[in-house]
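Enquirer: Residue numbers (the working numbering), protein chains in the order written: chain A, 338 to 799; chain V, 106 to 526.
I should point out that these hints are in silico values taken from the structure, not numbers from a laboratory. From a predicted model like this one, the values you see are computed outputs, not experimental measurements. Don't take every hint at face value.
Pulled a few chain V residues facing chain A out of the computed Cβ check, cut under 8 angstroms [what the hints assert, rightly or not]:
| hint | residue |
| --- | --- |
| 1 | Ile147 |
| 2 | Ile212 |
| 3 | Arg387 |
| 4 | Ser388 |
| 5 | Pro415 |
| 6 | Asp426 |
Covered by chain V, per the in silico footprint, the following chain A stretches (three or more residues, Cβ under 8 angstroms) [what the hints assert, rightly or not]:
| hint | segment |
| --- | --- |
| 7 | 465–475 |
| 8 | 500–511 |
| 9 | 549–559 |
| 10 | 568–575 |
| 11 | 722–736 |
All residues carry an ideal CB built from backbone N, CA and C; glycine is no exception.
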Amino acid sequence: MAGVGIAPREPRGGRAHASAAWAIAIALLSPTTALASAPPSELDGGSTPAAEHLEGPAPPLEPALDPDAQRRHSWAACAPGIEPCTRPRPARALLLSLGVVGGAVAAGLLFGLGDRLAPSDPATFLVGAGALAGAGALMGALAGRLGADGPAAPDRLRPPTVSLAESYAGPRYLDETPAHMLQLHVAPNLFLPHGHGRLRLLGSVGGWLAPVREVDPRPQFTEVPPGQQGTAPQVLRQRHLRVNLGLDLAVALPYPVLAPRRSARLGASELRYRPEVRIRRDHFAPGSSESTILERTMLLPLTVGARWHLSPRQRFTVYMGPRFDFVAFSDRGSDRGSDRGSDRLRRGGAQLGPLYGEAWYDIDVPLDARARRDHRPRKLAATGQLTIGYIHSNFDGQGFDFGPVIGFLGPIHVGWSTRLRPAGSPLAAQVGVFGRIGGAPSFGLELGLVAPDLRLRGRATR
Amino acid sequence: MSRRGRALAATLSLALVGAAGPGCVQPQCTSPRYSDAECRVIAENQHARLLTSRGVELRFQAPDAREDDSWDALGLVEELADGTLQARVAGAGAFAISVRAPADHDIVLPLRLLNVDPDAILAVGIAGLELQQPQDPSAGSTRELELAIAAGQVQWIRGRRPCPARYRLAVTGDIQTNPTQFERIIEQLHHEARESESAGSPLVGLLVAGDLSESSRDDEFQLIRELLARVPFPVAVTPGNHDIYRPARPYNNLAFGPGNHAFDVCGVHVAMLDTGSGAIARSVQARLPELLDRGDSRFLVVGMHHPPYPGLTGSGWSQDDLAAALLAEVARERADLVVAGHNHALHDFSGIPVGDVDLREIIVGTGGAYQGLGVPRYGYLRLTFDDDAGTMEACFVEVPPSGYAEPPNPPLRGLPYCDTP
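This is chain V alone, in the form it adopts within the complex (with noise of 0.2 angstroms):
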């Protein structure tokens, strides 16, 4: 080999190997991007406990836990300047907190908890030994507690929702510049939620699939957050490409928690997935098992912002590789419905086939979000479950703008509007 010859192989060995080594490498997110997806992971896990002032250790734990070493990314907790804490619970359904008091004095621990349903029952106490505490339908989705935890002590408060046969979820996505109509659709909510309660099919929380705000900024999500307090059960949020894409700061997790978690609520497993960057982060991915594990809960509902299966609408993941791996865990889950939001519109995609099972996806970004010229088509998809008879009905309530009587849009063809408030 000539002496160029042998100088090129020199460098391209030098290049490959220098491309596989293990060279400088560090952690990942050790300087957070939180436009990126595993950034926000821990970020989501960083803010679910929080070491008080006062030396109180809160953690977010799976409802069924009994030991606080660890704690998992199921909601946030705050201390606010004036030393308020409060805990926002990310789903609905059952939670547990633990709050372990500092070793060498007792405390009495105001908390305020955020996104609790209303016909919640608390139980607080040392694991195993709660006691169930009064009820306040008045007070909403917030409780305020005190506890009282002598020195090293560990205390749980544990919430569960009791559930009739039949109950309700809603569904939209996507708010975006329009925290306006987003009103109104809380609105009918309301007026939805007093309705279903008398009817026996209470709506037991509300999915926002992402895109709360337009630009992350911080007083988007505050102003999305108050609007939410005011939703009369959980509301259960993950993030779009618009909350997630100044990287300074997770404002989306500082503002609702976490954007990857699963709960229970009734019958219903329900798996909210941060794909805010496009697609879901790969340790994500390789807990997707574990998230969409319905365990005893008869259906699985899976919700995130960008659509898994975007057909011809232009709005689907950046990385095709994980929205399919994501539909096989899905379909190998046999889930009910996905539903999604990023595109600002309502559609209804029936057999998707996935391997051997055909799946259902719904995009519903209609919760405020421009939708160009035309008449917009804002709203909320409401699903109604029956445990009894192992259905889901999905149909779609129409919100709309100031000046219309009526909905203006016809319904889609195998998605109808709901009959009954």
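Extracted from the complex, chain A is given alone in its bound form (with noise of 0.2 angstroms):
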């Protein structure tokens, strides 16, 4: 497969192709490499969006060998230092003006036909879908002014091998206790060979540190109840679990698509498959006998996606698929003195739940471009990455509501990760610090370790 790799020009171009093969192999051989990059976890825990490029970094092309040397201010210029070409400008201007035109046509539809136009889920998600990849177009521009245009970044973010999330919803208010949400992600790839594709393993445990509790404010209540300090009783008691488990297969297109004409030279692109499974349960008032416990199940077999690379460092990424949700409950007093409630959960069948859908932007920033003033190596090496996501899904709240427009749109994300990685070492670091912004709005922070990814062997070829 032809990949999107960055392999340096051979001087005869004639071979350009077998060179940037070449350093794909390479690229994929060595462990130490980082592969992908990808947006931070979602606050949730829910999906990981997988976002890496997958082929491996190479060498920065040298200036002399670069086809666009005597166009480099070009508007429509390749981005230096990458073969095949990518026109990084082009692209997000025609992200934009899709998602411009996409989310303005969605729009339409939904007000034109107005909601006679009975599953007009799909059109909301556009809207939403088309607003992201709009911002990230002019978001990535900026970047790109900014120096974020050059070549990949030679350590890209991907979410990291194991890694702890901490999350916390605010505001909070007198005698009630927000949710501290911790959580424990895994991703570890696999590379198939010949980079045919990459198969990510999506999990994660967690849940709430401490019950949150919630006070009933009516102004009927005019005594300080015993251990509080304000007049609103504490009425609801709540302990939450959350586990997610999926799958995620990236094959890369071939790029450029008509070669050798090249005609098409925006990046390339990947196809997504991303099953996943994700269960919540919560348990009201435990312990009391008025407890009670609801447990929520989404099962996405379908969900499917696409990946463009804009530029070495710049990606948006879309996924879409339908949902089927599961609701199962206990009778009130079900755990009374045990944790055996779960025994007695009713459950029932799959209701056809609203589309599910995902958007990202993602922007790689290599930290330590420029060398030590020392001109000694460094120690450690340092990248990271904005992302920006719009998930059409509000199966963990936080829908995103302005004005009257209240329960049509999802969350949106804001993330930055910075990976540090010791020179030589197989192992890296990675933190992150991500943000919801939706209907209560949440913050938190996320410690991982990348490891290796692990690699199928293909069957050699003479």
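Two chains, two frames, a set of hints: combine them into the complex.
Expert: Written out as structure tokens, the structure is:
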């Protein structure tokens, strides 16, 4: 498969492909090379949208060999140091146009046809994804101006192999306890031979560190209950546990598409398939005679996606698929004196839920591009990644509402991650901060470890 | 650990402690934003009682209450600029209001009751000794009372509606930009009220599932309130997203009273839930067992604006977790029907699996709001209950816009159009 590597151009132009293939092969064989990048794990520990460029990095192209050296300042110039050519600015302009047109058409359909368009959820997703695409393209253009259209970052980010994420959903009110979530994520990668693709296991388990408590603010209550500071009595106590499990398969498409004519140089693309299951268990009033358990399961068996590498350092990813919900609950007081409430969960069939979708825009930012003043090699390589995302799902709450637009859109994700890799080390540390903009804004911190990827060796060819 | 490492660890620890610690917390809605569902819970309770300029305290109470030491958000009490006192009952069926005179002098208190069934029997007096008041069906859903109360005394106003075994409820939602079409629906309801009364299955209430206004403006609410006053039976209202998004004042609560309330009318327990913010308030979630408790009522109907099961309409809750929690409570109570609006269309979702219970949800956002291109389907859902047979029948009454002699839309599969007026 051609892949989208950034191999140096062979002096004899006819052998450029062979050179790129060698670079890819070397990259794939190297366990210390980070081959992938992805948005950080979702705040809710949900999907970890796989986001890597399937092929590995390669040394930057020498300026003298740059085919676009003569028109480096042209709007449609190739990104420097990239072979095959990728033209970030036209690619971003196209993404911006698609986002604006797609979002506007979808919004127009919603307003024009009104809610009589019974299955209008796909149009709602298009509005959100279109807005994200537009915002991403604009942000990408700004980053491009600041130098982020250069060669691919040498150690591009992807979800850490294993990580711990802590998040906080505020604000906090008197006598209430907001949600502090701790989640353990795993996201090991298995690369298929010959650059055919990558399979990632997505798993996470976590929950609230302490029960969330809510008060009843009705003004009828005028006495301070024991153990409280205010007059509003605590009326809701809730524990929360969540588990996610999924796979993410990414397959690169040939690029350039029309080689050797190469008329389409707007960046490589990948196809994705990500089946997933997410389970949420909430325990209300645990230990009391009023205790109940609610278990929600979201099954996403057919989520498919695509990734567009608009530049060596910028990617747009979109996922979409049907969603099936299972809601199980217990009778009141079912866990009296034990934690065997799950044995009495009343389970039933699946509901066809709203459409599930995600859209992401990632920008890689090498943090050690400049040489040290003393010209000595760096002991630590640092790479950053800025991610914005739109998640078309309110499964974990946090729908993004504004004005009267309430209940249509999912949350917006903003995150920054940094990978720190000691020189020559197969392991790296990854630190991320992220926020969810929605009905109940939340923010969090993720600390992770990046281990070498697993690779399947292909059959040798002669 | 290096100095940098220690500094990083200390910073992280401080951040976590800061997030987890008590900090400068204050009660919710100290600086209220009424686009927040929890702040509207406070508002709806605040406006269900009133200390008047003459020192009289009026409080809405649970229908079976005997003490006036607390109150319940089951209505709206107002003192108008001209000194007139009026109390709007939030739902249909039985209600109670306590009136406590000032401790130092007797008082004669004129009081206007709004949204009361013309067939309701009113009784006034001290607890346990209330005297039945003469009925005046010509006054529609408004009653005028004059209470003479001794100093420090508490009098009670109680109302209840006698019911036959068969009776009806009407449901619609989403009026928004088209109150003119809603007036046509009200005319049809007038017609049906007359016909159903003579047929022995009276129409005992209308549920409006939110979005009465387009922009949460005072003048919009005033207009809708005037229109609802023309309905010849009680109207129970809950807000939608268009009714709550101007956060400065609880305009919806000031016009109609509570958004979260439950009442029993004839053999139906109706729970109206305020989902205007895309979800119920967490304190309301805690009260769901109480709000959904049908008691002696045979049927349970739950009404709200945002449908907890949206299907593929794209018009769901902002918080699916709360929607699922509500559906679980509704399934636990084996509700007969969930009615909602938000989606400007008519949808009948039967057999929604929630645990081992199959629920039915009907979206009836057909009160007049814009429905886009094509022929709109306006009208209301009619629910006919039979206490003896234990049945609930649902059908739709299409009220076409001006220019159509007959309903221009075919009925939904599974939800027929009503045959009789």
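Enquirer: Hint by hint, which ones does this structure get wrong, listed from lowest number up?
Expert: 2 and 7
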